[in-house]
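J.: Construct all of the structure, not just a fragment, from the sequences and the given hints.
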Amino acid sequence: MNDILFSQLSTFGSSVVLLFGIALLWRKSLHAYTVVFQWQSVMLAGLLLVIGYFGHDVELYFVAVILFVLKVLILPRYLGKLEQRFGGERESQPYVNVATSLIASGLLVLLAYAVTRPLVQVSSLPTRGGLPLAVGLIFVGLFVVITRKKALAQIVGFLVMENGIALLVALGTYGIPLIVELGVFLDVLMGFLVMQVFVYHIHGTFESIDVDQLNELRH
Amino acid sequence: MTGYVFEMVQGVLALLLAPGLAGFVRWVKARLQNRRGAPPWQPYFELRKLFGKEVIVSSNASWLFRFAPYVIFASAIAVTLLVPLIAAPLPFDGMGDLLMVVYLLLLGTFFLALAGLDVGTAFGGMGASREMTVAAIAEPTIALAIFGLALGAGSTNLGRIVTQTLANPAVAVSPGRLLAFAALFIVTLAETGRLPVDNPATHLELTMIHEAMILEYSGRYLALIEWGAWLKLTIFFTLLANLFVPWGVATTFDPAALALAVASLIVKLAVLGVIIAVVETRVAKLRLFRVPELLGVSFVLALLAVTSSFLLK
Amino acid sequence: MMTVLFLVMIAAYGFGACVALLGGAGLDRARLVAAGAATGAGAGLALGAVVIASGQPFALLIPELLPIAGGLALRLDPLGAFFLIVIGAGAIPAAIYGAGYSKAYEDGHASLRLLGVMFNLFLLAMSLVTLADNVFTFLLMWEGMSLTSYFLVITESSEDSTLRSGNWYAAMTHAGLALLLAAFVLLMNGGTGAFSDLRAGAVTLSPEVRNLIFVLALFGFGSKAGIVPLHVWLPRAHPAAPSHVSALMSGVMIKLGVYGLLRVALDLLGGGPTWWGALVLGLGAVSALFGVLYALMEHDLKRLLAYHSVENIGIIFIGLGAGLIFHSSGLMTLAVLGFIGGLYHTINHASFKGLLFLGAGSVLHATGTRNMEEMGGLIKRMPWTALFFLIGSAAISALPPLNGFASEWLVFQSLLGGLALPMPEIALAIPIAVGMLALTSGLAAACFVKAFGISFLALPRSREAEHAHESPLSMRVGMAILALACVALGLAPFAVVPMLGGVLAGLGGLPDTRPVFTLDLSVQAPAGFAQISPAWIGVGLFVLLALVPLVMRLARANRKLRVGDTWGCGRIGQTARMEYTATSFAEPLRRVFAELYRPAKELTIDFHPESKYFVQSIEYKSEIMPLFERVLYDPLLRLVRRVSRQVRRVQAGSVHLYLMYIAVILILLLVAARWF
Amino acid sequence: MPALFRKILQTGLVTEPLGPAEAEIVQLVAQVDRQAQRLLGRALAIREVDAGSCNGCEIEITGLTGPVYDSERFGIQFVASPRHADLLLVTGPVTRNMEVPLRKTYEATPDPKLVVAVGDCAQTCGVFRGSYAVIGSVDKVIPVDVFVPGCPPEPADILRGILAALDRVSAQRA
Amino acid sequence: MTFFFLLLPPLVASLLAFLVRPYRAFVGWASALLSLISLGAAITIAAQTIAGNVPTWGLTIDSLGLEDVLRADSLSALLMVCITAVAALTLFLSPGVGRELRYTAPQLRRYQVFINLFIAAMLLAVSANNVGVMWIAVEATTIFSAFLIPLTLSKTSIEASWKYILISSVGIGLAFAGTVLAYFDFVARSGRIENALNWTTLMATAPSLHAEVIRLAFVFLLIGFGTKAGIAPMHTWKPDAYGESPAPLGVLMSSSLFAVATYTIVRWKAVADAALGRGYTDNLLLALGLLSLLVAAFSVVLATNYKRMLAYSSIEHTGLICLGLGLGPLGAFAALLHLVNHTAAKSLMFFLVGNIEQVYGSPLIERVRGLSKVLPWTGGLFAAGLLALIGLPPFGLFVSEFALFRAGFALNQPWLMGATLVLLSVVFVSFIVHLNKMLYGPPPVGVIAGQVDRLWNIAPLLLVIGVLVVLGLTLPVPLAALLEQSVEIIAK
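Chains as they are written, first to last, in the working numbering: chain A, 1 to 219; chain B, 1001 to 1313; chain C, 2001 to 2676; chain D, 3001 to 3174; chain E, 4001 to 4492.
It is possible that some hints are incorrect.
Under the rule of at most 27 Å between Cα atoms (straight-line distance), these lysine-lysine pairs were calculated in the DSSO-like manner [said to hold, decoys possible]:
no.: 1; chain 1: C; residue 1: K2612; chain 2: C; residue 2: K2601
no.: 2; chain 1: A; residue 1: K81; chain 2: A; residue 2: K28
no.: 3; chain 1: C; residue 1: K2560; chain 2: C; residue 2: K2380
no.: 4; chain 1: C; residue 1: K2103; chain 2: E; residue 2: K4373
no.: 5; chain 1: C; residue 1: K2380; chain 2: C; residue 2: K2103
no.: 6; chain 1: E; residue 1: K4373; chain 2: E; residue 2: K4437
no.: 7; chain 1: D; residue 1: K3007; chain 2: B; residue 2: K1285
no.: 8; chain 1: E; residue 1: K4155; chain 2: A; residue 2: K81
no.: 9; chain 1: C; residue 1: K2601; chain 2: C; residue 2: K2621
Rather than coming from a laboratory, the hints here were simulated on the basis of the structure.
T.: Structural data, given as structure tokens:
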């Protein structure tokens, strides 16, 4: 009984997390990106708590807290700053328009389902139903990074990808060893910081955060 | 020992016969032009006269100019010692084969062409250029004709070819031999500067080949060169005569056989001389750039000769 | 004894290289460098001679070096020894010559240091190629030889054309190395790579692999040897290199291609089907003919010589091809004859081509140009060089009694043996080869009449030629040695040919047939097919040359001699502009072979403004585009450029695109991992 | 081909059409023959130099080598280079442009050598006398052994002139 | 304990540089000297592994999974020696050691802080037993190096950095996904064990892992770490980053960082092979290796920038190493040897390139003429290094390429090897052509060698070329032992 509930909860939670990811494709303003990411992280932290509870894994609570702090509180703050600074710039013309993006994301999730079938078959965990969604989220995050022109949007896409991986970790194994988890968080933070520093640099040098201007280096 | 003496005799004989042969051809040609012409022995007079005249050498000329006539003449004599004029096999037969003959003659041509270039006149250069062109293009035919002959005789040594053919007369009339003969005949025309390749009697510099190279020579040098050229004609005729139709060539140093051999040689040379004269009367000189076509024909003939030898082996 | 010689060789070359690297400037250094090289070459020559004389191979294995590939294995068998002798024979005069020649570089337009170091290392690498006894050692030395020679080619690096030549050379030689690498690694078949193992293992390889190895080796070594169509680097690299280096590269280095082919095809693989030989024969014939045809059209003296290297390599390959054909048919005696022809031509070519390149170098040294159209009249200004060049010209034109004739005769004789072949389809190809060989030698004679006649005879065509001077003593000595070698090898094949029989004995099951030589000093083809005696012919020619003037004097011929103006149909004042040029000399042949040359003609007539019946100037340009550049290399280069332009688009500058690549490959591989 | 040789055979020899009218020629021929044998070994090489002639003389000289006169039978032949020649056959007045070439030709001829000047112009400049382009008779430029008068002289005359020149040589030698 | 001497010196140096403000030259000297300690430690570890020991270090804190977190087998030791050696070389030739004109004090300080962190991260990556820690360390290298590329800000350096960091982050993210997938499979098979992420544990369990999952995991890992290694088509950041980074960073990235990334692939390949049997990973590596070679070969033909040309050369060698790794034990040996050789050659080249750019002021090939006259030492070494890179004797790469071909032909891959040979020839010719353009010809007006080409400035590089020559002529016994043991580890 518990397992069924657990399974349904986790799958549902994963779906919501994925849906936030897809919602990203639908929005255009940088502010919306930040908000969507923030909400996705909230859902992810919640899902971690759920998994921790049903999976009897104390470590996951800990991870959920860190994740919350990092991805709901700290990063969106920085993102907010960036957005205030460059918020006037909208993701005017992504490489792929919204409609196509949505169709593509659907296809990517389908692909994720197809590809991850062995995972679902192999695993005996109640959470296994969400695994394809996690991989799908990785794909969607990658898609955002590829198709969005603003540096900020790319960062958010990257973070969504990270969320996808975190989801995969949680669903697949109830978390990896804590020390590694910590290291990963540290890296995410550092990476984010580096990236946001570069957003300033890019703006300072190119007077825009449109990455498609960065095409001096060729061949 | 008699053999070596005989070699000397043969060399002298060739030297003596050569101007006569050239004179004979000239005489026949004159007759064919309905002229009386000079007697066949006219070239001997010319030689005597030239040896009596002084030599003028251009101030531009180097030692090569004075050296070349000797090379031309010496290489021609050397060849006469290898070719079975009247007897086979000769003691020197093992020293050189048909290839040696061809390349010794090429040695002469090489120096003649250099001499043509040495004084720096346009005509000399022109003659040298043309001579080397013709010589080069004639080369494959000669080689193949040699190949054809060697196939029958099992050797490129001249004496061996003669004795083999004598021992096996059927070979002489094989299609391969006949084709090879035709090929070599055409080459003879080219190599000895006869019509239709070169006109030995021309005075027009622009049509000259051989003559253009020696415009600068006089006196004894001219004599040596002319004599050498006549020797070359004799050698080619002898090759045509004695390799393809060896009958009459002495295989012993028996005086009777030798006498017969000399007689048969003279007859054969005369016949060839008449043929050349008839040809020269009949045909016009070819433009220089048609000459390769003629030699191409001869090459094909030689190739057919070899091929048919293979197929009929 | 052998070890001592070997060590002396290594030490001398090493000494030469070190002196060049460390020594100060000045002639003394040049002399020391040359001394090192000459000593090394001499020791190598002696080592080779000892090995051949004793029949006892010299072997040395250093497992500490090159441990991953079986150690540094050296072994000198008679075949290698022969080529070591060729190296020595070519290197000694070149080194002596180089001592004087490199003085010209003291003005700093080329690095004497680099030249000296590379010269010695080049000789060392070449020598070690002949000694290599396992795959890796061989490839290492081979590539070392290529690399050092590459640096020698670009000695005069201040000129862009030199660098372009260097590029061609590097490209072709590296392509060759790639083929060789493939061939040898296939031959190793996963084994140790020691030659003895290869020899034993080659029997077990499948025929397809053997064929593949042979073809790879043929073209790999062929690119070094310069067979058509891999010859394109020769006419570029040889002229660019300093002349004594050209002499070595053309005279010696390209012969190592011959060595390699013999080593692989005959020794390691032990011979193969008839078509191997036929292929070699065909390539040889084509190379010979193409080489000489393009040489005829050249007016750059050194390029002309380079094309002649292609020709002569072709002749050598004809001999080898005939040998391989007979070998496959079990006609061992004839096979030996063919190989001997090839090998003899190898050493002959080393001597006369070395001589000619040194001669060309002297001319370049004296006039500062390689363009024959600017030479002329040098025979009076540099009589020694002229004499040596004449000897070389006559030798390469296969004129008896010089050495070119002797070896071409052997090649001819081996081809004539084609009669004995059991298979008519091959036998019929042989007459064609005979024809091509004959045409080649005829054209070669024509070409060297041109080369010598235009360069050395008549009036000087430029101020530089007019003020030319004879080369210094060391250069003349270098040339004299090779000139003597040409004469000696031409007169005394009876001494060399049996040795070559010994060199070949045992390779690929060849019997120890040494062509008989009798007391009359003749060279006799096996089975008494034919015989000649170049020695007696030579003596005879000398006697006749002496006799003719003597008889003339006895016969009281007029001995008066007057020097006058050239007879020029009465015109006044002869100038060099009236002379026949190299271009005009070659014009008849250019027209005869126009189908091949496809000359591009350009005639510009500048009419008088008043009337077109008057002409102010006529400009005539004619260029020939070598066939293989046209049909092979240009399209290839164009293809590479096109492909690389496409590939460059990968790096288009857009980070989105780059990320896209990652996504695409990720999806592709995932799909592949899942379903394939 | 057969047609050609049939014609050759039908025509027969055209040289020496013996008859009373040509008796002198026959005699001359025999004389030349003898002289030629005696002198210069019966081999006389002639180099023809046109020093400015109207080409009338040349036509006659050509006649000399034709089948009728057939000078070759005496061993007289025309050659392409003065180096090969024993005798220079000079025609016409010497024009300005031909003065040096003529002298050079003479110098280019090896000794012993003869010069026969053919035609009136060679001796007197004929109608060209006084022309600005003409510098004078042949003997003003090179030593002449024999002048052959006539405008143009017949082949027989030329032959006679050559003979005379040969005579002079024999006289000198004697 | 040796691990401390290995890992701490760069951290100390970094801290020192962080604390000393403004920058002083002694900081540079200190970090250079400290790097020698690391080098000594690496050599010690190598000696231990050759002797058959496998030093490990770990914390026994419950539930943290840190038992044996650091471990050095022969493969690690090999990499440690390479990294520390290059690091020492780099730090001795870094800006800030000795007189410095190019950079300001803050820049030098930033440089010293991050370069040492970068080195420490790399060392951690190769000494970690835990693949998670390994991943963290590799990710850290990206971050630290990203600070260094734009040492001086310019449009192009920012562009390069952005591309580098974005592509690397995405790639390394994928690698993490792969790591997770492998861990997932382990968990699915054996339940959760704290040190399951330890490579030794993974290897021990590998034969019983699920093939389908490991196949997927390896794809993520290969692409992820392959992005760091610069395997095509994930190579695109390389030309930009190498082209724009300061010379010492270029040295470390092109030689050490690349080696580290390759190392991670090798580690995972061993796991995947143990699970899947040979073949699968081999084919992937061969395919991507050939693709890298293809892209690199045709990119150098028309190259106009010599630094980017060297980057393409790196991609080419990446391709070769991938090929070697896909060709069984013989190939693995060749690949590792090639890795060592390439590390030496590339470190040499990027220093020289730095000198050249400093003197000529342009990274364009067409601007650099007469190198052999202007900078005889630099030019000569540059030529030698380039010849080494294109695989000519007497340099080590000739040996390793030969070994590679031997392996390929022994595995009956003649067509693959044939294609490789053709592509290598294209590279060869292009390099020779470009080299000639640079070495010779008239130097541009106003180019002065200055201090750059002094012998003492170049002397350490002579050592490197010496190493290359030694590796070309022989294989020192310790190195041979290390290589053989490493091959044992990764390609049993």
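J.: Evaluate each hint against the coordinates.
T.: A quick look at each hint next to the structure:
no., hint, result
1, K2612(C) / K2601(C), "holds, 22 Å"
2, K81(A) / K28(A), "holds, 18 Å"
3, K2560(C) / K2380(C), "holds, 23 Å"
4, K2103(C) / K4373(E), "holds, 20 Å"
5, K2380(C) / K2103(C), "holds, 24 Å"
6, K4373(E) / K4437(E), "holds, 13 Å"
7, K3007(D) / K1285(B), "holds, 21 Å"
8, K4155(E) / K81(A), "holds, 23 Å"
9, K2601(C) / K2621(C), "holds, 6 Å"
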